[in-house]
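Novice: Chains as they are written, first to last, in the working numbering: chain R, 1 to 363; chain L, 1 to 363.
Please keep in mind that the hints were generated in silico from the structure rather than gathered at the bench.
Because identical chains cannot be distinguished in the list, a pair is counted as satisfied if it fits within a single copy or across any two copies.
Derived DSS-like pairs: lysine-lysine, alpha-carbon spacing no greater than 30 Å straight-line:
{"#": "1", "residue 1": "Lys219", "residue 2": "Lys311"}
{"#": "2", "residue 1": "Lys187", "residue 2": "Lys218"}
{"#": "3", "residue 1": "Lys155", "residue 2": "Lys194"}
{"#": "4", "residue 1": "Lys311", "residue 2": "Lys297"}
{"#": "5", "residue 1": "Lys95", "residue 2": "Lys297"}
{"#": "6", "residue 1": "Lys21", "residue 2": "Lys335"}
{"#": "7", "residue 1": "Lys209", "residue 2": "Lys230"}
{"#": "8", "residue 1": "Lys95", "residue 2": "Lys21"}
Number of protein chains: 2
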Amino acid sequence: MKSSIFSYQQLYSFALNVFLKMGCSNEDASLATSVLLSADLRGIDSHGIARLVGYVRLWEVGRINTTPNIKIIHETPSTAVVDGDKGLGLVVAPKAMQIAIDKAKQVGTGWVSVKNSNHFGIAGYHAMMSLSQDMIGMAMTNASALVAPTYAAEKMLGTNPIAVAVPAGNEAPFVADFATTTAANGKLEIAQRKNETIPTGWAQDAEGKPSIDAHILKKGGALLPLGSEKELGSHKGYALGSIVDIFSAVLSGASFGPWAPPFPAYVPMPENMPGEGLGHFLGAMRIDAFRPASDFKSNMDIWLNRFRNAKPAQGHEKVYVAGDIERTMEGERMKTGIPLVADVVNDLTVLGNKFGLIIEAHK
Amino acid sequence: MKSSIFSYQQLYSFALNVFLKMGCSNEDASLATSVLLSADLRGIDSHGIARLVGYVRLWEVGRINTTPNIKIIHETPSTAVVDGDKGLGLVVAPKAMQIAIDKAKQVGTGWVSVKNSNHFGIAGYHAMMSLSQDMIGMAMTNASALVAPTYAAEKMLGTNPIAVAVPAGNEAPFVADFATTTAANGKLEIAQRKNETIPTGWAQDAEGKPSIDAHILKKGGALLPLGSEKELGSHKGYALGSIVDIFSAVLSGASFGPWAPPFPAYVPMPENMPGEGLGHFLGAMRIDAFRPASDFKSNMDIWLNRFRNAKPAQGHEKVYVAGDIERTMEGERMKTGIPLVADVVNDLTVLGNKFGLIIEAHK
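Chain R on its own, in the form it takes in the complex (with noise of 0.2 Å):
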């Protein structure tokens, strides 16, 4: 597949403008735009700037608030729920993160679900708010149901990614982010564009039966939760993604399971929904609310050189932890670009030609 490399300030720039044209404040614009590349720095490009068009959409049928209310409507010390008015998930889950720090502060740790709210770009991104402030950082979102349960033929859950961040002494952290379906869609979409098949284990069809059409989603079918099949576990990836969407849209009050509102600006909202927009879940909890930050920091150390030093299996030749290849990736595009295939550069430029804005490889 042919791709283009862009400069992380090319594109941070273009998207920056996007965001400002769409009624942005300069603060919220910012903020929306680093949210957004730092999916695109740490190579989960399926939820980066390729995304940039389906937020335009979602604002242009009203689905998207550029300037919304976004308020504390309930709290007690260590938790809140936060109504997102309708903004741009990559602005609310921020604010909302910073809410739940603010509480760590206060009485240890902090904890807050997210009504009203959008897509909320990579949930890594939130988790590692926590970082720099000694906490452990988490963020959960619920999503467009595209998952079916462990023997359902229907879809029910979205890809309710978990995030989870722990910050070391020395070492670099520990950043798990991963959906709770055994593959993202984003993969199915790179399979489809290449004219390929899917691994069994991936999806299945409208019947319930596995499948290897990277298309079957759009036939009735589904993406499997993590697991796969029950003799695999999928029953587990299944309360996975369960317990995120419990804790993101039950929890905060916004529309949850089924009733997910669709990414899509042309998918039609589902009826009789239960609740406010999409949900996310945020958190932090202060590490010297349980023990010195310094011994923490001292034992997490130890705990991920040791992880990183393990036996490699035949084949392989370094174990990793959570967030290594993430992080790798992001030090290389820093310097040395983003690469962008041929549909997502297509859509910029026709979105550039709509606000007036130029977009262009790096030479």
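Starting from the structure of chain R, add chain L where the hints point.
Specialist: Okay, now just chain L, sitting in the frame of chain R:
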């Protein structure tokens, strides 16, 4: 495999007397027995009375203290670290969970990390303590290393379970309780007894290649994280097991990763242990710290009802929610009794002889 049926009361009386003979107080012996047998009732036979002999052996070698001074060694309004003083995890964990619940009553949520403990039975018991309080409960524990990280040929993590219990209104609650591996070690033991092979995806050999040998763990092999292999998301199961290890053991000062203390008393303790004993992590979130409990519970009823009535896949009659199968089993076994295989009955008979106690099957 031949098995005999025992009533809950028979097993309760037997286990209670064993814990009393070990020197537990009446209160601790009752608590330990209730926790232990909740596994047998819920059909998680590997974690129930079959383990009683193992606990006795740990006590005999001085690794379990039956008169522990369980105490909070550090706390904030929403957090605590508890030193289990080498007590039975069956006693330490519910006491730590009660601390989490008490903190949630005060400030919305409570989070307790525990060190210097032992195996705590099923995670689900502790998480479910929250249900009658209109709280969401969480429980995790690390455990002796049986699991290889993705790309590794070394046992580095335990089966590290996660349990989450969510109250509902009229519907039966959501209760997830699962190991972060593809299959629990107990499933390999069942295959061993039946002289059967295991499915591909459960375990690997000493070099890290897939294995269907049910005895492979004794030959340098390892269990696989949920997801089985990288292409099917095993790095996600590995990340989950890591999170459980970090929250339970690094946050509390327990021993972690490959240094977690082994359950079998004959296995020597790892050298250079970085912390004390096993670790647990317990959490409680008060529902009305987020939104009125009645609103939440009526939404949870909608959620549960919708998932329980999802369209079944071809060849299946019903879609389950986490905890449904265990709850049905609990109702049945409370009425008709608990089947124990001959090996377990023999172990209990030997144990009974040691302590002058009789165990007799239900007529």
